[in-house]
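Residue numbers (the working numbering), protein chains in the order written: chain Y, 70 to 353; chain Z, 384 to 652; chain C, 125 to 400.
Incorrect hints may appear among the rest.
Over 12 Å on every C-beta distance to chain Z, these chain C residues come out as not near it, computed from the model [claimed, not checked]:
#1 Tyr-202
#2 Lys-211
#3 Val-389
#4 Ala-391
Covered by chain C, per the in silico footprint, the following chain Z stretches (three or more residues, Cβ under 8 Å) [to be verified]:
#5 425-438
#6 484-494
#7 511-522
#8 620-628
Just so you know, the hints here were simulated from the structure itself, not pulled from any lab data. Virtual Cβ for every residue (Gly too), placed ideally from N, Cα, C.
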Amino acid sequence: MASALIPPPGATAAGAISLRGVRKVYDSHGPAIVAVDDWTLEIASGEFVVVVGPSGCGKTTLLNGIAGFDPITGGEIVLDGKTIASASRSARPGADRIVVFQNGSLFPWKTVVDNVAYGPIVQRRMSRGQALREARSALARVGLGDVAEAYPRTLSSGVQRRVEMVRALINDPKVLLLDEPFRALDAIARSVMHEELLRLYDATRKTVFFITHDLDEAIFLADRVVVSTSRPARVKHVLRVDLPRPRTYLMMASREFLALKREVADAVHEEAENAFRLGEPELA
Amino acid sequence: MADATLGAPRRRIAWSSLGLGAAGFVLFIAVWSLLVHFNVWRFSKLPDLLSVVREWTSRTPVYGVSLFTPAYYEDIWASTVRVFAAFALATALGVPLGILLGWNRIARDVLFPLLELIRPIPPLAWVPLAILMLSGQQSAMIFLTFIAAFFATVLNTMLGVTSIDESYLRAAYCLGSRRWDVVWNVVLPGALPYIFTGLQIAMGVAWFSLVAGEMIAGEVGLGYLILNSYVELQTVTIVIGMITLGVIGFLSSALVRLIGHRLMVWQAR
Amino acid sequence: MNADAIGSAIGRRTRSASARTSWATLTNVHALRGVAGVVGFIVLWQLGVLFHVPVLAKVPTPVDVAGAGWHVLHDPRYYVDWLISFKRVFIGFVLAQVIGVPLGLFMGWKAAFRYLTFPVLEVLRPIPPLAWVPLSILFWPTPESSIVFVLFLGAFFTVLINTVAGVRAIDERYVRAAISLGATPATVFRRIILPGALPAIGTGMAIGIGITWEVLVAAEIIAGRNGLGYLTWEAYVAGAVPTIIVGMVSIGIAGYLSSLLIRSVVARAMPWTRRT
């Protein structure tokens, strides 16, 4: 377990995240709710980290803290050596940490290509014409060239998620933050999305911070799986997934995979029972 | 739909909805005509529809107002110009203000209570003040109409902005937008459905206020036409005016709705 | 403050005005800003008149208005006007609900009936209530009844539209669940459709009361001899300008109170819609 806390060697600086004693307390309305309590984790550049835990445990709050949507009330979050969030300083959302949301957040009033080109355009990195060209080629590279002129509403959830990932990655972020992005998809679509995500990950090697409550998904995707306690969130258990990349679905039936799953399931189950007994509604 | 017919044997509705609608009109006209003709209660005080239609379509109307008289169109034009001027002003001022109020907490805290205090004052209660404030009769009418449309627009726009799914705003920010980018690319399109609902309401309210204003203090226009006809005991012309108002009001709202559909192409499947 | 700016930029939800009636909010910064807004407005108004801003040339100052208000509060006729206006609004409004709600429920429920009646009503609806005044005066025996009729019309169409929409928005699954549990049509109507449409009916009522007050003013001006609307007009005719504003403000307050009353009654009738 101790070795699992240390990120793998050989990592470069870009996209390395340090979460040190992060704490988040909500107390503006009524009694104080401690959502996250003393969360400490080091994430190396290019590492794929998945956080699992029961619903409402506070993992989304953590993600929001890294993304900059929600200030933290204690501890600090450090990105590539720079403190981006602490009790006295809230992180600003930015294109270095892009989020892919649970229910999808493609702008319904823009076409697919306009959505994908949005980041480059508003960051003023290139002209509008150039941004659209880049967007079209990025979509073509993942096989979505045909839907470029469509509006999101006409597309299936799976395709929408893929577009959203392209929209994020075209900006070359340091970190990709994914908040249960495949939760709303059925199991079949989800397995296709896993492979797509891993393909993109293998090609770009971005740091990925992924939240889910699905254990299979967590182990299949991750370099390391972090198990969170029920609210307030703390690091309960960390394990390294040493399965080789690229990962295939056949691995899910292997003995190594099942051993990992047993380890994770034990840790999660205890917390799940806690959360069930508490019966608290989910945060944000 | 909750209106599915219940009971074991489901009876299919044999008539098309259009047929029923037409039947409804015919029924309405027939009942009205019969009530007037047979002098049921006080219905003889009302003009019967046949006289209305005859007058409306006559080349030499008894009371000077029909589809063939220029006076009719002058009134229509006067009212329509006022409404659309006021409506345009209300939209130009109301939408940006609504966005500001929805977007900025401080602005909302300061201005919203003030608006909520002024809003309940009926547009018509403004008539005396409007006449005092703005010397021209035309501007007073437009001001009156503007006030009503303005509040509806601001409120609905504000509601639209605050109803936008937070995820869209967050996504825009983490893609590197600055404030203005978010307003232009997310807030405005995101609030558009609500804005257009507000605009339709504003259009309805605008006609409502204008007619009242014209009836109380106007010299030309459909509201004035109706009141004047009443004063001159030309009941048939009253109804002509009312029907014209109904049709134009309906067309105005439909126009706003149409523009809305054009602008919100993405909503169609 | 940094966090506050980002918070407002990312968009904290605003709660509707009706939910913000708890007294605890009176002492917080948001309420204070609101007070500042109103006070600022009054100050600007006073200054505007004092400095002869063109549009405000003939407008009285807030101080003048306060003076006129003081006088009016001592005039017993003022309170009579309140009662009379309230009475008219109440009767017209209640009539509109009594006729509009059942009609709307039935129209929403039975498609055939809706197809028959909706087009005619849609044509009548855009006609502003005030355009009905002359016809109304001709038809109804007393001026009072003609005023009430026009008030009725204002609220009627609103509550009708909202009720129909409310019924049609009821999720079919509730109806099916009821039927599969053995409910008769009458029971479905009473237990599913009626409560299901209540929120929309409530909205229709809240909007309708506002419209009723709006219509009242002009109806009283045209056809009445007393009431708050008439008070306002009379002041204009007599050149008592500050009293005009007193009248306006009175009507505004009356309208606001009515809205508040309706909204709290509606909220009470539907405890399940309260968000804790």
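Evaluated hints:
Its beta-carbon lying about 15 Å from the closest one in chain Z, Tyr-202 of chain C satisfies the requirement of being farther than 12 Å from that chain. For Lys-211 of chain C, the non-interface assignment is confirmed: its Cβ lies about 17 Å from the closest Cβ of chain Z, beyond the 12 Å cut-off. Every Cβ of chain Z is farther than 12 Å from the Cβ of Val-389 of chain C; the closest lies at roughly 18 Å, confirming the non-interface assignment. For Ala-391 of chain C, the shortest C-beta to C-beta distance to chain Z comes to about 18 Å, beyond the 12 Å cut-off, and the non-interface label holds.
With a cut-off of 8 Å between beta carbons, the segment 425-438 of chain Z has 4 residues touching chain C; three or more are needed, and the interface restraint holds. Counting residues of the segment 484-494 of chain Z whose CB falls under 8 Å from any CB of chain C gives 9; the rule of at least 3 is met. Counting residues of the segment 511-522 of chain Z whose C-beta sits closer than 8 Å to any C-beta of chain C gives 6, which meets the bar of three, so the coverage hint holds. With 6 residues carrying a beta carbon less than 8 Å from a beta carbon of chain C, the segment 620-628 of chain Z meets the three-residue requirement, and the given coverage holds.
Hint check: no violations occur; every hint is consistent with the structure.
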